[in-house]
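There are 2 protein chains.
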Amino acid sequence: MGPFKLNDIPHINELPAIGEEFRDTKIEKHTSSLKERSEKSSKLLPSIREAIIATGLRDGMTISFHHHFRNGDYVLNMVMDEIAAMGIKNLTLAPSSLLEIHEPLIEHIKNGVIKRIETSGMRGELATAISHGLMEYPVVFRSHGGRAYAIETRRMRIDVAFLGAPSCDPFGNANGYSRENDNGVICGSMGYAKCDAQYANKVVIITDNIVPFPNAPFGIPESDVDFIVEVDKIGDPSGIMSGATRYTKNPKELIIAECAANVIEASGKLTDGFSIQMGTGGASLAVTRFLESKMQQKGIKASFALGGITGSMVSLFEKGLIKKLLDVQSFDLDAARSLINNRFHQQISASYYASPGNPGSAVNQLDIVVLSALEIDTDFNVNVLTGSDGVIRGAIGGHCDTAAGASLTIVVCPLCRGRIPTIVKSVNTITTPGKTVDVIVTEQGVAVNPRRPELEETLRKNGIEVCSSQELQEKAEKMVGIPKPIRYTDKIVGIVTYRDGSVIDVIRQVEEE
Amino acid sequence: MGPFKLNDIPHINELPAIGEEFRDTKIEKHTSSLKERSEKSSKLLPSIREAIIATGLRDGMTISFHHHFRNGDYVLNMVMDEIAAMGIKNLTLAPSSLLEIHEPLIEHIKNGVIKRIETSGMRGELATAISHGLMEYPVVFRSHGGRAYAIETRRMRIDVAFLGAPSCDPFGNANGYSRENDNGVICGSMGYAKCDAQYANKVVIITDNIVPFPNAPFGIPESDVDFIVEVDKIGDPSGIMSGATRYTKNPKELIIAECAANVIEASGKLTDGFSIQMGTGGASLAVTRFLESKMQQKGIKASFALGGITGSMVSLFEKGLIKKLLDVQSFDLDAARSLINNRFHQQISASYYASPGNPGSAVNQLDIVVLSALEIDTDFNVNVLTGSDGVIRGAIGGHCDTAAGASLTIVVCPLCRGRIPTIVKSVNTITTPGKTVDVIVTEQGVAVNPRRPELEETLRKNGIEVCSSQELQEKAEKMVGIPKPIRYTDKIVGIVTYRDGSVIDVIRQVEEE
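Protein chains in written order, with numbering that gives the first Met the number 0: chain R, 0 to 512; chain F, 0 to 512.
Just chain R, with the same shape it has in the complex (with noise of 0.2 Å):
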């Protein structure tokens, strides 16, 4: 077209995002093939303390990791460990969560590498001393929905996200398996560090297995990761999952289990295209096999199943029995083996899981949820985040999010464990309130929230015997009468948000013996 000035262009200063002119010695025509530059990815750092250079960290930034590994995770540790070594102090740490192999984290939080913690829950030492008071700032809990809120609306900033992965190609194409080999770690899907990868300022992939690009499918695609470290481990394979999840051979839970499974039956919501999620724990995983028997004889089949999945969904969905499987985070190797090899079995985000900030989110699609709980109270309220002791050891998940979306909600649970009521009188610790809780099933009967009259009586009239929460309650306080009180200080050492952020309870510091 010959010469052109852009002063030329009519209205060029309204124009958007049009630049200078063009200039043809800004482009840098290589010659090398794929292979070639696949070894020299500009991605691929020779080291974490480089890569934590070329991030930019420094001193009150947000960090984040996710849990997939579970308590095979060497990730976070290693990560902290470099990053104290460097002098970084006053972060915040916003993991997905944390378990009893994050223990390393007291020493951190000691020298004031670690300011502040958000998570949706923590176990083993680290939460005991934090339950004593071990940091100034209370730890924030978050369930996975909330947490995916915070992030999309960006009043949680996540400056640099550190995201395991047992794949990623050189330019950043990660995924929760490898199909170039099968002997590495394996942990399924990637959901919660999704989100992490989307928005964080920065996103290093840490993986101890570089794979050709393209590493598709991918869980998080190159163009949300800036940099890449191999390493030589980034887990210890069984911390991170066993071959399958057995079902439990315990009677009591067996009984309990069996009875969810009519409850549901009676609800009437058990009719052709109907969907579930299954909590963890051992009685809520056994309802899958009292469902299953009374699908095959109505002859009718799930639309989906959702959440954390386990190889007992995986078996209904191989049968035909479940149409397809929306898995956030893969619970056993029979599921991520799924993941990998079913292509109606879809790894999905913790905000398409259970953002409370989209109506469309999964959760709100649920008819049937089943769940488990620490304690649970007359009101319905529910507690999976400390002990009877008063010591935080559990985890917000998505329990909360699930229990507020779907239609049907069943804890399951014994009356007791040992000699510690599971029924109270008022919880120790709200993590999910009671107006979200419809059912409780034990193996000494079924109460249905007050609120929901209308299904107290249609399990009525299908066959069901229902009490209230209060008789509940007192057949457990006879069992094992009432226990001492846990004696606090005035400290807060934890608060616990509902999905939308606002603040549900508080845990205090417990009082030393």
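Careful: at least some of the hints might be erroneous.
The list treats identical chains as one, so a pair stands whether inside a single copy or across any two.
Dumping the calculated EDC-like pairs for lysine to aspartate or glutamate here, alpha-carbon to alpha-carbon at most 16 Å [unchecked claim]:
1) Lys434 / Glu27
2) Lys28 / Asp499
3) Lys25 / Asp499
4) Lys293 / Asp271
5) Lys4 / Glu19
6) Lys490 / Asp7
7) Lys248 / Glu442
8) Lys434 / Asp23
In short, the hints are calculated from the structure, not lab data. In this text, all values refer to a predicted model and were calculated from it rather than measured experimentally.
Given the coordinates of chain R, assemble chain F onto it according to the supplied hints.
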């Protein structure tokens, strides 16, 4: 835990994303089933007009569409007619591309509904009218990668995206095909629409096929979608895609294709694990056939094929000669069906495909790309946008993106088309800079860019006869003479941007005969 006050929480004001105290009254626990909720989903709106109102669209905003329905698209015209009827004016229209079927836009431009256009290309009456000075503001042309880059850097802000989808569930999971029935429209990948869905302020899905939740796998997740409208027909299947792209029988094209395959082999790039993209056009598609036998002979496989995917690529993939297909746009039904059924056939976004902001983008991992051209000049600059009469009749597409990314960029074209030379002294419009093109293959000879002397040497060593681009141009001139120069006015009607948004050329108004 008993009563607490927010003010009791230490450092409460330093904790981000902590809201007010939890209020039970905010929870609305619903009791309806998934089926009942699906019918009443708040995202489902009864008409396009109500969706436009719901998005808050008003004068001066920017709206977008995708062109995966090609010349069978009903969505853009349907929505624009409604917008015009509502009296909204001065919009910027920013679809991923425009085709002949979008001729009705002429009236919307005349009536002031559309003030500006940003697109990859245009054809037919609309393009002719714009070339003759229809618009006051010049049209901004962007490559697929350049558009993704402008969107993700927020330099181009889309207020409302109206995205046609062959299937969508009541909560917004949308895809380019349906697994629930096989009768509807099918377009395969929705790669260009993914960026719009992710970044537009409001997203409306227009579909003629509401399927049960969850529509999984999905091209666009529910979390990116605000509203859904069901209409009678979103497009004409025959205009969207045909059964399979047929191999050319044109002898000239076959000579060019075979020669291009020989050049690829001679370049030394045809080694195990190579990567490739084929442009559209008879000769470039036919290269696949000749490559196939070379790959069989050598016993090598490609690691991936990229881009607009055709049945010919699928055929190699299904024979095991290509390991993975990365699909930003499915060119025919064979490609779309493969996307549905093959798990290593992966749907990718325009950003993943070609954004210059991302060093890991797939075009940067290409060993080989074979491209077509309307014109190419002796300095290897390519024109894919304007015809020999100076009128707009094409699209930049991924041409300059792949040319820059691939380590071997081959342009295949006949020396002349009818009485029109293809090899010229200076192209009418530069869309792809000569620095990024390595080889020209015509039926009359092969020219290598003088910027690549080592490549020329390798080709000669391996038996390819190489001439200069000037020799090719002179041959063309001898055959058809020098065409009469095009006469333009001074008015600039189009701006051609390079990948980064810089202005590489302008298009002027053609003078009336």
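Each hint tested on the structure:
In the homo-oligomer, the alpha carbons of Lys434 and Glu27 lie at most 16 Å apart only across protomers (9 Å), although the nearest pairing inside one protomer, at 62 Å, exceeds that limit. Taking the shortest alpha-carbon separations for Lys28 and Asp499, only the inter-copy value of 15 Å comes in at or below 16 Å, while the best intra-copy value is 49 Å. Taking the closest pair of Cα atoms, Lys25 and Asp499 come within 16 Å of each other only across two copies (10 Å); inside a single copy the shortest separation is 47 Å, beyond that limit. Taking the closest pair of Cα atoms, Lys293 and Asp271 come within 16 Å of each other only inside a single copy of the chain (12 Å); across copies the shortest separation is 53 Å, beyond that limit.
For a Cα distance limit of 16 Å, the shortest separation of Lys4 from Glu19 inside one copy, 10 Å, qualifies, whereas the shortest one across copies, 56 Å, does not. Taking the shortest alpha-carbon separations for Lys490 and Asp7, only the inter-copy value of 9 Å comes in at or below 16 Å, while the best intra-copy value is 69 Å. For a Cα distance limit of 16 Å, the shortest separation of Lys248 from Glu442 inside one copy, 15 Å, qualifies, whereas the shortest one across copies, 76 Å, does not. Proximity of Lys434 to Asp23 under the C-alpha cut-off of 16 Å is restricted to the inter-copy arrangement: shortest distance 7 Å between copies versus 65 Å within a copy.
The structure shown violates none of the earlier numbered hints.
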